[in-house]
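Could you build the full structure based on these sequences and the hints that come with them?
The numbers in the UniProt record's numbering rise by one with no breaks, and the one at position 35 of the sequence shown is 35.
Hints listed in this document are in silico derivations from the structure and should not be mistaken for laboratory results.
Check the hints yourself; a few may be wrong.
The following label-pair restraints were derived from C-beta to C-beta distances [said to hold, decoys possible]:
id	residue 1	residue 2	range
1	S18	K92	36 to 42 Å
2	V61	A113	33 to 39 Å
3	A113	Y170	26 to 32 Å
4	F168	P124	35 to 41 Å
5	F168	I22	33 to 39 Å
These numbers were taken from a predicted model, which means no experiment stands behind them.
All C-beta atoms, glycine included, are put in the ideal place defined by N, C-alpha and C.
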Amino acid sequence: MKQNSEVGHYIDMLKTPSVQVILLGTCFVLVMLFVHLGVSQSMDEALYASLQLNTDAPKWVADVLRDITALGSNTVLLFVAVVVVVGLAMHKQRNKAYTFALAVLLGLCIAFALKAGIDRPRPPLSQHNVDVYTQSFPSAHATLSTLVYFYLAYLLCHFSSHRKVNAFTYFAAAFLVFAIGLSRVMLGVHWPSDVLGGWFAGGSVVAICLYIIKWKQKLHISKTEPVQPKEQ
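Next up, the structure:
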């Protein structure tokens with residue numbers, strides 16, 4: 001029983017946004033360092049070669065991969081973000097709306113600032129199955145899809161008390177984000193560590209969002225609690 005309670009305690013710790021920020025942020029920094037120092041390059045090349053779309057693969061496979069990768073494009077994700085922000089504002093959830101809008105802007109800035117700063121070359125141009133115009137690390141598709149779809153999953157679960165429904169919602173978000181990231185490698189435009197770094201970067205921003213939301217909730221509760229009169 002004691003062992004089970006300790007495991008439950010650690011699981012509860014992992015659910016706290018502050019711990020998630022530290023863990024995800026640390027993982028992102030490690031991946032970024034490995035990429036910058038060239039430590040991950042040999043593993044990247046091996047994984048990239050094994051995941052490459054074969055030249056003799058049916059045309060529909062490439063079409064499906066392009067459709068999947070489009071779900072992580074800036075156009076689609078910004079459209080989803082605008083709809084979510086407007087919906088939250090209309091339902092008087094302004095704190096969540098502002099936080100989400102700020103998170104999307106932060107995610108965009110982080111992704112493209114790091115692309116310019118690290119300036120990692122893309123995989124060989126001859127392997128590309130879609131057009132790309134920016135540097136490789138981190139994958140903006142992976143970063144922003146993680147941010148948008150996991151935050152959306154959090155919002156949906158916030159309005160549901162069914163554990164199975166919530167578990168399925170998070171699983172669906174994770175599956176979609178994984179599929180988008182995998183499609184970037186299979187289409188030949190990203191190294192695997194680009195995608196991994198994007199997942200950790202997007203996850204870190206989501207965790208920061210949740211931390212801000214909980215902090216604001218605690219601040220609001222402390223302000224609305226009645227002050228107890230001091231005993232004379």
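Looking back at the numbered hints, which does the structure fail to meet, lowest number first?
Of the numbered hints, 1 and 5 do not hold.
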